[in-house]
Amino acid sequence: MNAPPKAIAGTSTFLDERLGAGSFLKRNLRKIFPDHWSFLLGEIALYSFIILLLTGTFLTFWFKPGMGHTTYLGSYAPLYGVQMSEAYASTLHITFDVRGGLLIRQMHHWAALLFVAGMMVHMLRVFFTGAYRKPRELNWLIGVLLLSLALVEGLTGYSLPDDLLSGAGLRITQGVALSIPIVGTYISFFLFGGEYPGHDVISRFYSLHILLIPGILLALISAHMILMWVQKHTQMPGKGRTESNVVGAPFYPAFMAKAGAFFLFTFGVIALLGTFAQINPVWLYGPYTPADISAGSQPDFYMGFLEGSLRLMPAWEFNLFGYTFAMSVLIPALVPLGIVMTGLALYPFLEQWVTGDRREHHVCDRPRNNPHRTAIGMAGITFYGVLWLLGANDEISSTFHISLYTTTILGRIAIFVGPAIAYFVAYRICIGLQRKDAEVLSHGVESGVIKRMPNGQYIEVHTPPAEDIAAHIRGKKEIPIIEGGVDGEEVPPKGLRSGVGRLRAKMSKAYGTDHVPFHEEEVEEHAAVGAGEHKQLH
Amino acid sequence: MIGTGISVKSTTARRRHPLARVAVVALALGLLGGGYALAAPNGSTADAAIASGKADDTAQGKSLFVAHCASCHGMNAEGTDKAPTLIGVGAAAVDFQVSSGRMPMGDAGPQALRKPRPEWATDEAISQLAAYVQSLGGGPTIPTADQVDPAQGDPAKGGELFRANCIQCHNFTGSGGALTYGKHAPTLNPATPTEIYEAMITGPQAMPVFNDTTISPEQKRDMIAYITHVRKQVDPGGSGLMRIGPVTEGLVAWIAGIGLLSLAAIWITAKRRRVKA
Ligand code: HEM
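Taken in sequence, the protein lines are chains Y and H.
Under our numbering, the first residue of the first sequence carries the number 789, and numbering increases by one thereafter.
Under our numbering, the first residue of the second sequence carries the number 297, and numbering increases by one thereafter.
Some hints could be false.
To be verified - Some chain Y residues near chain H, calculated using beta-carbon distances under 10 Å:
#1 H824
#2 R893
#3 A1049
#4 T1063
#5 W1071
#6 S1185
Claimed, not checked - Straight-line Cα separation of at most 20 Å, SDA-like style, residue types lysine to any residue; simulated pairs:
#7 K479/H with S991/Y
#8 K411/H with F1188/Y
#9 K479/H with F1188/Y
#10 K479/H with Y1193/Y
#11 K528/H with A865/Y
#12 K852/Y with S991/Y
No wet-lab data here; the hints were simulated from the structure.
Every value quoted in this text rests on a predicted model; they were computed, and no experiment measured them.
Don't be surprised by glycine CBs; every beta carbon is placed ideally from N, CA and C.
Construct the entire structure; sequences and hints are all you get.
Below is the structure:
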């Protein structure tokens, strides 16, 4: 190629000399990214967030975050002349009288759902592959923070249109604030600027929703991306992949093209949903009045587990020192959220404590190869899932004609039994899959070739697994066990003598013991003999 | 659609494609059309029952009653241990129960459900039955066609009354909801204007009575206008997703949204491997 035109060369030299951009780009454009479909799940959240920023900004052009009364005179006939708040009226205005307004509102809401759902599946991927291990614990914590903030962002956004459905959510929020012992009433008065519902809450939520929380989200997302970039992405185990390399495609052009395509996919799916699937039809719900409440009032899905825990909880409360402790609200509002979020945040550190593993990890685990972690994860999903399902128990009851009380009672049982069953089943499945892997390594795979032996017997020939599959399987790492555990004859080290220490040693042994070790020598032998000659009976 | 990023993008650019409208309209009509088609004939039932009231209607009604209802409600509608007395429930209750197919009651369940009417239960037969029960001890009568004409009501006013009185059981959109003891408040979509009015003045089963002092006849007409208007309205935002709100929305976000995007992710990453191999 001949030299670039002067205009370009001149500018790029100018930039290069001042920003050092050239060497920065050279270094970073060649950054290698490993390839696995599940590594794209986080990008669903990233791109949804970008779409949220764009569509949300569009909405701010017309949305009026006020609770002053107006009379609706817009084009939606069944509400014509009805008294309502400015916020609700302006949402109707966006919906029916702003060109493209309904589409953008719907895209905003669908993007919000995909933002949270994308984060959740991304987080599950990271959890089940152990990608949160050293040195990535901080990025994991940022992720947990992002998820928590997204819930608050969703709650505040959801309340903005001031319709009857979101009002029900607001009322529950106030109920939770009130149930906090001693200071509850003050918090509620502070939040709502006086008696519920007051005149301030929408504008306050608005500032939080469009300024403060998106700002923090943006900062945290940037930090998340930078850390990921600096620490490099983890990779799945496989041929030639080690703890000290990254096998994949360079950021530019291969990965960038993929990421770009995936952005368009995300945008496409959100646009399709926004066009063809109606979401949050606030005109059907009507304006908020504290006196009215509808059957089937549910929050958005990411709040569903809190709704469910509220519905599950028996009506417990007691009085102490003249204060009422409304346990029936406080426990369901705080305990499941606490279990889920704290559990997520602490898991990497708990695992480190149990295994004593302080090494760095850049190659992911296949979920089956750490059966206890996978089982704990599945138990967590079940816990969350039961609560989530119970958040919709009235819809379940009326759709499937099951008595409402029956669903509640089943839920109360399932919330304790379900996770235990899930733990057990997931654990067994992992061990089963590991056995299968071990078998593939030692006996090879079925080749589909049937041979007749001289004595008339028919057998199927087994061939050694393809190299990349074998490498993928062999990527299984042992999970360390802390030394001097329970069954050791010798005296356990100091740290493990106390009650906690003994428990730790026991857990470490359970967590780390490999029940299905591979017998690699055997494989070599078979591979050497060759498939056609050596007949494996199965 | 799921071809390349490019084709998705051009689809969104053409989002006002006429086909989108057609699809939406067809879907909404499919959902609502069936129920609404029932509305017309029953409006005239009401007229007939009121206008006639002839003596032989009562006699005819009595023999129908003996044939189809007496086994449960007693020979003279005095009630048995199987079913309550019908003295004083009024023609409106009979018209509501029989025209919606609830009576004669089918299998024992937590509540009598709407079902197709039996062969014999023509509009005429129902008005004769109603006249007979009315003659036993009075009670609320069947509303006139004027009283239930949605065109004469104000849907906006009716909407406010509807939200204040009905949605805690029937949902914002009249799509129904669960009650305790295995009962549920049904969807309002199949109910005719006359049946809506009658439901309010007779309070079938677990539903409370909304008499004329609680909600005046004009207000009832406003509510009928609101209910019928909203249920036949084409959802402007696409498929209404059963109009039950966040539960179906969440399912769609996960199944369609995350599902499609996971497929896209698999497709994007799988492609490369094939090229390289
Ligand atoms: C980052 C995550 C975000 C989430 C999860 C989120 C979520 C939501 C939700 C659920 C609603 C209710 C929408 C409806 O159905 O009407 C909403 C409304 C709204 N959001 Fe967001 N949003 C986010 C970001 C933003 C941003 C960055 C902006 C503005 C810069 C914004 C501006 C608005 C506005 C103005 C409304 C008004 C309601 C309306 O007219 O429909 N949002 N948001």
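Satisfaction of the R893/Y interface hint, Cβ to chain H closer than 10 Å: Given a least distance of 8 Å, the restraint on R893/Y holds.
Given T1063/Y as an interface hint, is the shortest Cβ-Cβ distance to chain H below 10 Å? Nearest chain H Cβ about 5 Å off; hint holds.
Are the Cα positions of K479/H and Y1193/Y separated by 20 Å at most? Judged against 20 Å, a Cα distance of about 11 Å means the pair holds.
Under the criterion of a CB-CB separation shorter than 10 Å, is A1049/Y in contact with chain H as hinted? Where the cut-off is 10 Å and the nearest Cβ of chain H is about 4 Å from A1049/Y, the hint holds.
Keeping to a limit of 20 Å between CA atoms, is the pair of K528/H and A865/Y held or broken? Holds, at about 13 Å.
With the threshold set at 20 Å, check whether the alpha-carbon distance from K852/Y to S991/Y stays at or below it. Holds, at roughly 9 Å.
Would the hint linking K479/H and S991/Y be met if the CA-CA limit is 20 Å? violated (41 Å)
Please work out if K479/H and F1188/Y have their alpha carbons no farther apart than 20 Å. Status holds; Cα separation ~12 Å.
Per the CB criterion, is H824/Y less than 10 Å away from chain H? holds (6 Å)
With 10 Å as the cut and Cβ atoms as the points, is S1185/Y at the interface with chain H? For S1185/Y, the interface hint holds, since the closest Cβ of chain H sits about 4 Å away, which is under 10 Å.
K411/H and F1188/Y: Cα distance at most 20 Å? It holds: about 17 Å lies between the C-alpha atoms, which stays within 20 Å.
Against chain H, with CB atoms and a cut of 10 Å, does the hint on W1071/Y hold up? holds (8 Å)
Consistency note: the structure conflicts with earlier hint 7 alone.
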